[in-house]
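Take the sequences, apply the hints, and build the full model.
So the working numbering is basically just the index in the sequence shown, starting at one, shifted up by 980.
The set of hints was computed from the structure by calculation and includes no laboratory data.
Just so you know, not all the hints are guaranteed correct.
Said to hold, decoys possible - Taking lysine to any residue pairs in the SDA-like style, the calculated list, with each CA pair at most 25 Å apart, reads:
id : residue 1 : residue 2
1  : 1469      : 1540
2  : 1017      : 1072
3  : 1380      : 1369
What the hints assert, rightly or not - For each label pair, taking beta carbons as the anchor points, the in silico distance ranges come out as:
id : residue 1 : residue 2 : range
4  : 1093      : 1123      : 58 to 68 Å
5  : 1464      : 1437      : 40 to 50 Å
6  : 1008      : 1406      : 51 to 61 Å
We put the beta carbon where it would ideally sit given N, CA and C, even for glycine.
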Amino acid sequence: MKVHWTGHPFVDAGLAAVAAVVKVAALEDLTPEDLEKAARELERVLLSDQALGLGVERAFARTTMSQIFPNSPLVNPSNWMWGRTNEEKVENVRRKFRNALAEQLQKAKVCLQNEGGQSFCTACGRRCPEEATVFVRKDTMPLLSGIVNFYPAFAYGMRLCGLCAFAVHPFFLMSVMRTGVYNRLWFLHTQALPIAKEVSFRYGWFHFNRLIAANEPLELFSRWETVGDAGTVLYLFCELLENMGDRLREIYHHPSPTTAYVFSNHLLSTFVHPIPIPNDLLRFFAHLQLRSRFAFQRFWWELLKVPSGLKGQERKAREEFVSQVADRLLNTQSILRSCLDDETPKLRGGWLGHRLYLEEVVMEMSKTKLAVLEQLGTQIAQSEDAKKRIVELKIAHRNKLYGILLRYVREGWLKHDEFYTLLPPGDYGAAEAVRDILLAVIYEWQHCQQQGEEFPFMEEVPSLPSPDETLQRIQAIGERLVTGLPNLKRWIGELQTAKSPQRIRDVYLTALRRGALRFDDFVFLAPLDDLSRMWLLRDYLLAFLFERAKEALPEEEEIAVGAEETPLIGGEG
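Laid out in structure tokens, this is it:
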């Protein structure tokens, strides 16, 4: 029968390890001869002096392997008791392992050479000959109950075909790694074979062979310059992207999902924690690298890397930052606020990476909004009072941000329809997101000026969307006010300084008495049951008047905003 993916994470990871060491292009190409070659390579690695503790400080077979395959032939304490000298004990362990591996290999070959049978496999679901069936327990299949000598109620264990059992124990080991700092066991499950093979070869086979050549004790790969489960998973993908380039696209084009599994099969603490990898996130990293390798590396290193030279509180702070950002990345959440370093000031990760992440993953900001904010942010950064404006943005509380952005309209830095696009009806958290993006653009502009680099402006600036019904209504009301009010300058001044809902209604009533406002306009602008909407519509109207009637604008007066308890904007988060 032909080999194929099973959907069982441990089995698939083991099959990838077999394919990696014999270098086949597809699982279906595996032959009995390939299985024999893989077994010889595995035997050479796991029975080496460096694995068994001869001439090195510790035995991989008696330490790390006990967390993955407890009481298996290389781990079982009874196998290490036969012999007078340590060398004799090691030779007994080698003999036990060779015999067990030979038996497993024979059953795997029987499965590969036969179609159907009286038995069936609970991992791959296919039928196989009864003589090629294996009953596995915790010692040879992670997360099962019971091991040799200690399985409950004399249970047989789980029924596997010889091929799946051969893949798991012990080839699965060659796809297992450790996470950064915390050293938890983990592996990647993907059915994109080029990626699965690369992971097993680079971080399994090649890593172990390097340790053997250097006469160092074997240990799972853990040389990540990052921290935590999420950080390690993302760091792996960045390394793969750096080394494999556009071949990584196979993983997010594949119909089956990609998942990382953090686990332990230790006798005292057995668990598994799946970490789904969003395809949108993988696609984002690939697109960022295609756009700019420098921008990709900056995003990777500044957000996910914990340099080995950091010590003490500096290292602790860096680890906390990386852990937080990595978790949010894997959950496709916004990371911009966490990456604003107000002390430097600097945008960690770079604007190009953050902009693409907002566009493709978070999707809370359209290209139109981002283009508007790029122009506004760089204008603020280049202004004579940039420092004052930056501080104002940083310390502004919720509702104050609407007033700041309105002032930009009055100063001619924003248009009324741009103001409306940035702060649409119903999105009361938009102002804080706008503030974060403005600061990000400003910090990046300053960084580019210091480094002598060009600011990465959006290449194609999209046009604003057509006015919706609300904006059209505001524009129509504004036109009637411009043409119908005899003292427009005074009226605008009263509206922008009105500090209460009642005062806003009084100003509207003045326009109503003078025939510049209709009754239905008044009802639209001052709804009795929604104070937040009333403040918002007032801001839209002011934005239109600031742009349309520049000659009638009052002197620089403060623009009143709703009270803090008015839920104009969502919580700060």
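- Task: Evaluate the given range 58 to 68 Å for the C-beta pair formed by residue 1093 and residue 1123.
- Result: violated (30 Å)
- Taking 51 to 61 Å as the hint, is the beta-carbon distance of residue 1008 and residue 1406 inside that range? With Cβ atoms ~53 Å apart, the hint holds.
- Pair hint outcome, residue 1380 versus residue 1369 [Cα-Cα no greater than 25 Å]: Given that 25 Å is the threshold and the Cα spacing comes to 13 Å, the pair holds.
- Task: With 40 to 50 Å as the target window, see if residue 1464 and residue 1437 comply at their CB atoms.
- Result: Between residue 1464 and residue 1437, where Cβ atoms are some 42 Å apart, the hint holds.
- Message: Check whether the Cα positions of residue 1469 and residue 1540 lie no farther apart than 25 Å.
- Response: The hint holds at about 16 Å.
- Message: With the threshold set at 25 Å, check whether the alpha-carbon distance from residue 1017 to residue 1072 stays at or below it.
- Response: At roughly 23 Å apart (the allowed maximum being 25 Å), residue 1072 and residue 1017 satisfy the hint.
Consistency with the previously given hints fails for number 4 only.
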